[in-house]
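Listed below are the residues making up each chain.
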Amino acid sequence: MVDATGTRRADVLVEGDRVVAVGEDLGAGPGGVRRVLDAGGCLVCPGLVDLHAHLRQPGREEAETVETGARAAALGGYTAVVAMPNTEPPIDDAAVAREVLALGRGAVAEVTVAGAITRARAGELLAPMAELAALGVRLFTDDGAGVQDGALMRRALEYAGGLGVTLAQHCEDAVLAAGGCVHEGAWSSRLGLPGIPAAAEEVMVARDIALARLTGSRVHFLHLSTAGSVALVRAAREEGLPVTAEAAPHHFSLTDAEIAGYDPVFRVNPPLRQAGDVAAVRQGLADGTVQAVATDHAPHTPESKEVPFDQAPPGMLGLQTALPLTLEALGDRLSPAEVLALLSWQPAAIAGLLEGDRRPEGLSPHGGPVAPGATANLCVVDPAATWRLEVGHLASRSRNSPYLGRSLTGRARHTVLRGEPVVVDAEAQR
Amino acid sequence: MTGQHLLSVDDLGREGIAEVLRVADAFAEVERRSIPKVPTLRGRVVATLFFEESTRTRWSFETAAKRLSADVLSFSAASSSVKKGESLRDTVETIVAMGIDAVVVRHPSSGAPHQVAGWIGDRSHVLNAGDGWHEHPTQALLDCFTVRQVLAERRGESPAGIECFEGLRVLVVGDVRHSRVARSQVLAYHALGAEVTLAAPGSLLPPSLEGWPVTVAADFDRALGDAQVVSLLRLQTERGSGAFVPSLREYTAGWGLTNSRVRSLADDVIVTHPGPMVRGVEIAGDVADLPVTVATLQVTNGVAVRMAVLFLLLGAAGGSVPSVPAGERQEAAAHGEDPEGAKVSAGG
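So the protein lines, in turn, are chains A and B.
Numbering follows our numbering, in which position 282 of the first sequence is assigned residue number 282; successive positions increment by one, without gaps.
Numbering follows our numbering, in which position 182 of the second sequence is assigned residue number 182; successive positions increment by one, without gaps.
Note that these hints are calculated values from the structure, not bench results.
Keep in mind the model is a prediction, meaning the values are calculated, not measured.
Treat the hints with caution; some may be incorrect.
Covered stretches of chain A, as calculated for chain B (at least 3 residues, CB under 8 Å) [unchecked claim]: (1) 129-141; (2) 303-312.
For each label pair, taking beta carbons as the anchor points, the in silico distance ranges come out as [to be verified]: (3) B:Asp10 x A:Ala428: 56 to 64 Å; (4) B:Glu86 x A:Ala134: 45 to 53 Å; (5) B:Asp10 x A:Glu124: 45 to 53 Å; (6) A:Ser407 x B:Ala253: 43 to 51 Å; (7) B:Gly211 x A:Arg18: 13 to 21 Å; (8) A:Ala260 x B:Gly240: 22 to 30 Å; (9) B:Asp10 x A:Ala231: 56 to 64 Å; (10) B:Gly211 x A:Val175: 42 to 50 Å; (11) B:Gly240 x A:Gly356: 20 to 28 Å; (12) A:Glu124 x B:Thr215: 58 to 66 Å.
Even for Gly, the Cβ is constructed at its ideal location relative to N, Cα and C.
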């Protein structure tokens, strides 16, 4: 059993939606044990928490829904996901937030939302953050685009600081990145694809670090992808600034060499970078500069990806592959507890989903610790399971995973949501 | 030439390029006949799929296909189901379902012909007629064909081999960043043994030249004087390249082949241009009309080279190339041509 308090060998007894006992060789309680989930050779941990999932509802239900995205999450070991606000309409007011939160009730993973920083994510006027915060929304982002206007971002940070919420930035200078669809470098130059330079990300990371210093408000950096960004965030944290960061599995597993065949499944934003960036992101995760692995799960229908590379929408699936990819990338230098910290309790803290945090109505605490009285949001990780990802495994409505057909090591064997085994032996139960 | 498709000059390699040039020699001879047509691809269907307009490339491919007696279909994105929202894949599947033997694809997006080839597999042949900033392989092939022809004529030889490219100093000038022609030229000239130098303002060079077998000229005028072949590229103002330099005037002053720069050219230089030329920008009007400028010859040769490529992809199994005149064949044998080439040449 692994959680923020440590690692030990134990059974976990769940009754109703609660953990009632944790200890060695727990026998049946007074009523007997109704069901035993085998965790032999596995790690039992708090359910994983994804800071960054595009569930596409409302507006793009052909690509994903809250229900199907939540099922993908549960299969990936997640008990909670933060749905990004770039829906149609975007989550920039309470009505849309309430709709998505309502869609999440009854799903096989809990769903909270991030709100937009600006109205319609247009980067011009502040979204009603207080109204959204009152619903329990804790993260705000215009993800899909960064807030380009530095003065507006400063105002947003000052306003957010008073609400106790966190602004999460998709760092991309729109002018520097304009027209680009891949990392700008040797591969883009050779393939004739318009590039997005690393600098397009780094200038906004640097700006927002300066704004965090100016305002004292919290900034969370989404999907860091370059060595330069990791170095900037490391320095900012050493300075004591209130900044956190996440990285997506594809940014620490794949390089831009993947684009050589022009397969649009590899179009993602930020783009896949170079080997040195991949190494720097891994190092950032290993040394605490980056606190969370976040999937940036971005479903797109097959037809929307059957177009020329530069016309394909950016994004790839992530919820069902993040756990094995993180174990594969970091398993040699981090303990299982350290890996799971990146996937569960550290993102839960950033999302404001821990016990004691002010969560949206109906959302239980996530991220542990696994102790008597805690809500039973659990994941049983088989770190040695080797399996091949097939289309049939995908719960998502979309299929845009670059890992289809690839062998992966590590898998969520069981996922337990509020005491209910929603995934058993890697099969969704509903 | 062994591949199913021609997507990149890299698909050919040195030997493949040599083979295309050799077969194109035979087709150039066909073009000089009173009825410049052979039955090689009779009954085969070639479709040109142009998602970006280009009259000269389309006509060149279609003329080539017709001279091989193939039936030719013309698809233009502007007047097709693409306008109705059809995906590229569905467009291609529809066309292939009609039993078309080869599709010649021009697309504004880099890599689109690769994707088309991936979907088609071995059901048809894909020829890249220019994709985005990526490649335009037949343009580079016809450039090489033309350079080889001019060099051979000057030496009073028949252009049999590719030895003339060994150590040849080729200077590619202009908007390399946005140029599919430049990318194919670099690959082709390098494969043939030439030394390629690029000359352009920094903003028109690719962001990275890692892995490119080129040097970048520090001094354009000096590089110009040193070059044996000067390949001028058009400034692609319709793609916004104009904004990469302060003004066309400054571009011309710094990087144009102006009347005053002509004096620094070597006497035996060859100036190529893929067209369309913008007189007064990358090349002065008078310079365009000098005998060293072979743009018109390139257009003529484009047909023979595209006939060769179509023949090698579609017809090599059962068809035949008309025989080259006996004198040239002996010339070829004297230059140590490989047996397969001789066989193809003798087939007609």
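A quick look at each hint next to the structure:
no.	hint	result
1	129-141	violated (count 0)
2	303-312	holds (count 7)
3	B:Asp10 x A:Ala428: 56 to 64 Å	violated, 45 Å
4	B:Glu86 x A:Ala134: 45 to 53 Å	holds, 47 Å
5	B:Asp10 x A:Glu124: 45 to 53 Å	holds, 47 Å
6	A:Ser407 x B:Ala253: 43 to 51 Å	violated, 59 Å
7	B:Gly211 x A:Arg18: 13 to 21 Å	violated, 59 Å
8	A:Ala260 x B:Gly240: 22 to 30 Å	holds, 26 Å
9	B:Asp10 x A:Ala231: 56 to 64 Å	violated, 36 Å
10	B:Gly211 x A:Val175: 42 to 50 Å	violated, 28 Å
11	B:Gly240 x A:Gly356: 20 to 28 Å	violated, 54 Å
12	A:Glu124 x B:Thr215: 58 to 66 Å	violated, 48 Å
Hint compliance for this structure: hints 1, 3, 6, 7, 9, 10, 11, 12 are not met, and every other hint is.
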